[in-house]
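Chemist: From first to last, the protein sequence lines stand for chains Y and X.
The numbering of the first sequence is the numbering used here, which starts it at 440 and goes up by one.
The numbering of the second sequence is the numbering used here, which starts it at 440 and goes up by one.
Hints may contain errors.
Identical copies look the same in the list; a pair holds intra-copy or inter-copy alike.
For lysine to aspartate or glutamate, the following DMTMM-like pairs were computed, each having C-alpha atoms within a straight-line distance of at most 20 Å [as the list claims (entries may be wrong)]:
(1) K610 to E513
(2) K590 to E530
(3) K610 to E589
(4) K590 to E579
(5) K590 to E486
None of these hints come from the bench; they were simulated from the model.
Predicted, not measured: the structure shown is a model, and the values here were computed from it.
2 protein chains.
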Amino acid sequence: MSRTLLAQGRHLRFVAEDGWEYVERNAVSGIAVIVAVTDEGRLLLVEQYRPPVRQRVIELPAGLAGDEAGREGEELVAAARRELLEETGYEADTVSALASGPPSVGVSSEVVTFFRAEGLRRVGPGGGEGSESIVLHEVELGRVDAFLAEKAAEGLLVDPKVYAGLYLLHKS
Amino acid sequence: MSRTLLAQGRHLRFVAEDGWEYVERNAVSGIAVIVAVTDEGRLLLVEQYRPPVRQRVIELPAGLAGDEAGREGEELVAAARRELLEETGYEADTVSALASGPPSVGVSSEVVTFFRAEGLRRVGPGGGEGSESIVLHEVELGRVDAFLAEKAAEGLLVDPKVYAGLYLLHKS
Chain Y
440 MSRTLLAQGR
450 HLRFVAEDGW
460 EYVERNAVSG
470 IAVIVAVTDE
480 GRLLLVEQYR
490 PPVRQRVIEL
500 PAGLAGDEAG
510 REGEELVAAA
520 RRELLEETGY
530 EADTVSALAS
540 GPPSVGVSSE
550 VVTFFRAEGL
560 RRVGPGGGEG
570 SESIVLHEVE
580 LGRVDAFLAE
590 KAAEGLLVDP
600 KVYAGLYLLH
610 KS
Chain X
440 MSRTLLAQGR
450 HLRFVAEDGW
460 EYVERNAVSG
470 IAVIVAVTDE
480 GRLLLVEQYR
490 PPVRQRVIEL
500 PAGLAGDEAG
510 REGEELVAAA
520 RRELLEETGY
530 EADTVSALAS
540 GPPSVGVSSE
550 VVTFFRAEGL
560 RRVGPGGGEG
570 SESIVLHEVE
580 LGRVDAFLAE
590 KAAEGLLVDP
600 KVYAGLYLLH
610 KS
């Protein structure tokens, strides 16, 4: 097996291996994606501009574990709670894993873990940290498909992990 | 907006832009992901070894449009039919788009389009082309969750696009 480091970035390594090319994240222990439903039956979705696609994207709240100094040993479930709070302003009574897997295994070694968050209480403003500018949407579960269709009609993109999270929520 | 090419690979470009890093595919016009259900109600899933995660992964049949010489103008729906045939040996009467979106927008500009394939006829061996070694699974829809749990228990990974495809199938 031949593995070549093609480039070392600040956040990612670009690697070639046996004819494949892909990126790996530096110093990240996991990625948490949160399916959070309020007691009123509203799904929490976030909207932000994403430079790789030059468009605003509708996503589930999500973030990296262990990516900052002092957080190296952060548990994935702790990262899920922290990202939910930073992006949406909500704390959860219970956070439990639903499933894990690689969303783009042709170009990245990333593996994400979906968590279900329940018993939500709004305790902060949300919106992300630092330079992040995140808009929170609280959407009744029965209206999610219509909401996503409206956003797509406006030209926004929808991360397929939203559909995956909804599937995992409905079967859990 | 400052954009820097960090490395040019054979398949991917590694780019930095406004503090973000991500990869772009060279010369690809789209990515098709196929939700194919046989007349007997069986979902077609593929299993293959994926170097980025060093593991076998369960996925929906999928592939790139316009990625090879002579295919530059290939329509995405034609790529969906071609990849379905190459990977599974099935042809479809109808192939229709369900939804599009970026599955890993933090690290890649990729946008995938989910297609539903119906009226399936097995006409070839499948298994992929060239060096690909793809195992086909035909799984009754009512048994998909159990099948995925069995594979996960064996240590295989499941691409979350499988869950996304099932959600889009059930709501379509």
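Chemist: Decide, hint by hint, whether the structure agrees.
Modeler: Quick rundown of the hints versus the structure:
Neither within a single protomer nor between protomers do K610 and E513 lie at most 20 Å apart by alpha-carbon distance, with minima of 29 Å and 37 Å respectively. With identical chains, the CA atoms of K590 and E530 are never at most 20 Å apart, being 26 Å at best within one copy and 33 Å at best between copies. Taking CA atoms no more than 20 Å apart as the test, K610 paired with E589 passes between copies only; the shortest distance there is 16 Å, against 25 Å inside one copy. Taking the shortest Cα distances, K590 and E579 sit within 20 Å of each other inside one copy (15 Å), while across copies they are farther apart (33 Å).
Taking CA atoms no more than 20 Å apart as the test, K590 paired with E486 passes inside one copy only; the shortest distance there is 10 Å, against 34 Å between copies.
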